[in-house]
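There are 2 protein chains.
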Amino acid sequence: MSLLCVGSVAYDVIELPGRPAVEVLGGSATWFTTAAGFYTRPQLVGVVGDDFREDDIEFLRARGVDVGGLERKPGSTFRWHGRYHENLISRDSLKTELGVFAEFSPVIPPEWRRPDVLFLGNIHPSLQALVLAQCRDAGFVALDTIECWIESAKADLIRLLPRIDLLFLNDDEVRQLTGEHHLPTAARAILAMGAKALVLKRGEHGASLWTSSGVALVPAWPVDSMVDPTGAGDCFAGGTLGYIDLVKDTSPESLRRALAVGTVTASFCVEGFGPRSLGSVRPAQVSERLRRWLEAVSVDGAKVLGDLEIG
Amino acid sequence: MSLLCVGSVAYDVIELPGRPAVEVLGGSATWFTTAAGFYTRPQLVGVVGDDFREDDIEFLRARGVDVGGLERKPGSTFRWHGRYHENLISRDSLKTELGVFAEFSPVIPPEWRRPDVLFLGNIHPSLQALVLAQCRDAGFVALDTIECWIESAKADLIRLLPRIDLLFLNDDEVRQLTGEHHLPTAARAILAMGAKALVLKRGEHGASLWTSSGVALVPAWPVDSMVDPTGAGDCFAGGTLGYIDLVKDTSPESLRRALAVGTVTASFCVEGFGPRSLGSVRPAQVSERLRRWLEAVSVDGAKVLGDLEIG
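The listed protein sequences correspond, in order, to chains A and B.
So for the first sequence, the working numbering puts the first residue at 1; every next one is plus one.
So for the second sequence, the working numbering puts the first residue at 1; every next one is plus one.
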């Protein structure tokens, strides 16, 4: 099995309400692989500067991440400085210093070019296309993006959709990409644009999965304490695709189970600060919360349909 | 079986974005009983003025509602005038004319004082207490309220909670009543205040059920078109309690099934305009959507737990 992730590796400077700014390891590929590491041994392609700390590479290695595709270049690692509002959902980007990431042109190691699962993390759509061109035989391709790329590189992004098996977007992004406000309509428009399945992410409210065979509803686990939402979307994708890579089943039923794993994995992300916090969660804790989540969503359908006499 | 509802019966003047104001039958008890009418024959206690139209009473009767507790008094029926914002969620109350509702003092017909299920719709908590005093032997008591009463009559409301088997509140109301921002903490605080179960309503995002035995997560059905959200909360309660009255089972497992019925019932409310629109939905349509909802939330838990090797 193989799960390849291409995305950013960064240092984030994060200001939570009423707390001083703290610099912490971040980036979409970092979060994704840390999360996927619960279920498989992900391969990471990204770039860092010469200021990137060896112990951060060591952390990823210890998580089971193959960092053989992590380039080190002269210059600074990508840095993002964000300040969260009181609600811990909305935030301001105070500073974005791309550093060596500005010139990032992903080169996939030749032996990694036929991944079972490929995750195109949040980078410019033209770079995502470049990765796809190198991985023509990827088995299952997932893509994440952000509003900034939908705004500035919409055509590039749309061209990719027919190659995408699973697209991760939040509600604003779905609306922005389709011009449709009503989410079910927008979701169906995304499928009409060629993506085979859409995960519509709604943060603390959970997610839904849209495919030609219908919709699956995946509520989020109500976490005991919300510390920092940074990375939640990438952890959701990492848990989802880590499970897909583990079970080698990309049927709609398997995708539902994968999203359950994804949402539970992400719930641990928001309860802590930084990828190391997520890395300290034991697999047994994840399984136990998944068991509780499954209990929380289970309904005796046959009983209730029978009660209403349609059996 | 018997389901008694006490609440408002009103005329709403509703302005949807870009549309002229339209007057339509409304009120918490009207919506509640119209929804519950899919599953049982609810009894309604309320008050209307001498301007209340006979065909509106006829509509309720035709829905299977027992209007034997609907008083008619000299004066005007309660009127609410609301204007929805573009998002069809937030709204401004432009005018509230209580009319005969200002002097409403519910008198429960003697033969209705031992209902299997009692719904205390959104009226002043002291009136809800008055109803409870008349129905000491009610089997199962549910209560709904709004921010206005939490603000102006918090102590009255809190005194009622130990008598409540199922409390319906949205996220703002839960926070306002407990002073806790974090919803799971707030939900547990509500249970500590004496309510046996809490339904935390989150509109288009669905709901969750909190009891001492844990949480159930109930996502909302993604409706094809959102027309008017007025009455959705009362329809959710009406569907939930209509099912409870039908099956005579108030176990936590039955409550979960009831919430599934409630959320599906409410999904038809928001797709139309006014209770007559809901009343024109066929029971087979409700059952069919419930079947699709159950499919949308179903996950093979044993399989996914087995895949993660905890079985």
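Hints were generated in silico from the structure; no laboratory data involved.
Misleading hints may appear alongside valid ones.
One copy or two, it doesn't matter: identical chains are merged, so the pair holds either way.
[Said to hold, decoys possible] Quick list of in silico lysine-lysine cross-link-like pairs, DSBU-like style, CA-CA up to 35 Å: (1) K95 x K248; (2) K248 x K154; (3) K196 x K303; (4) K303 x K73; (5) K154 x K303; (6) K95 x K303; (7) K73 x K95; (8) K154 x K73.
Tested hints:
| no. | hint | result |
| --- | --- | --- |
| 1 | K95 x K248 | neither (40 Å within a copy, 59 Å between copies) |
| 2 | K248 x K154 | within (31 Å within a copy, 55 Å between copies) |
| 3 | K196 x K303 | both (33 Å within a copy, 24 Å between copies) |
| 4 | K303 x K73 | neither (61 Å within a copy, 44 Å between copies) |
| 5 | K154 x K303 | neither (47 Å within a copy, 39 Å between copies) |
| 6 | K95 x K303 | neither (55 Å within a copy, 45 Å between copies) |
| 7 | K73 x K95 | within (21 Å within a copy, 65 Å between copies) |
| 8 | K154 x K73 | within (29 Å within a copy, 62 Å between copies) |
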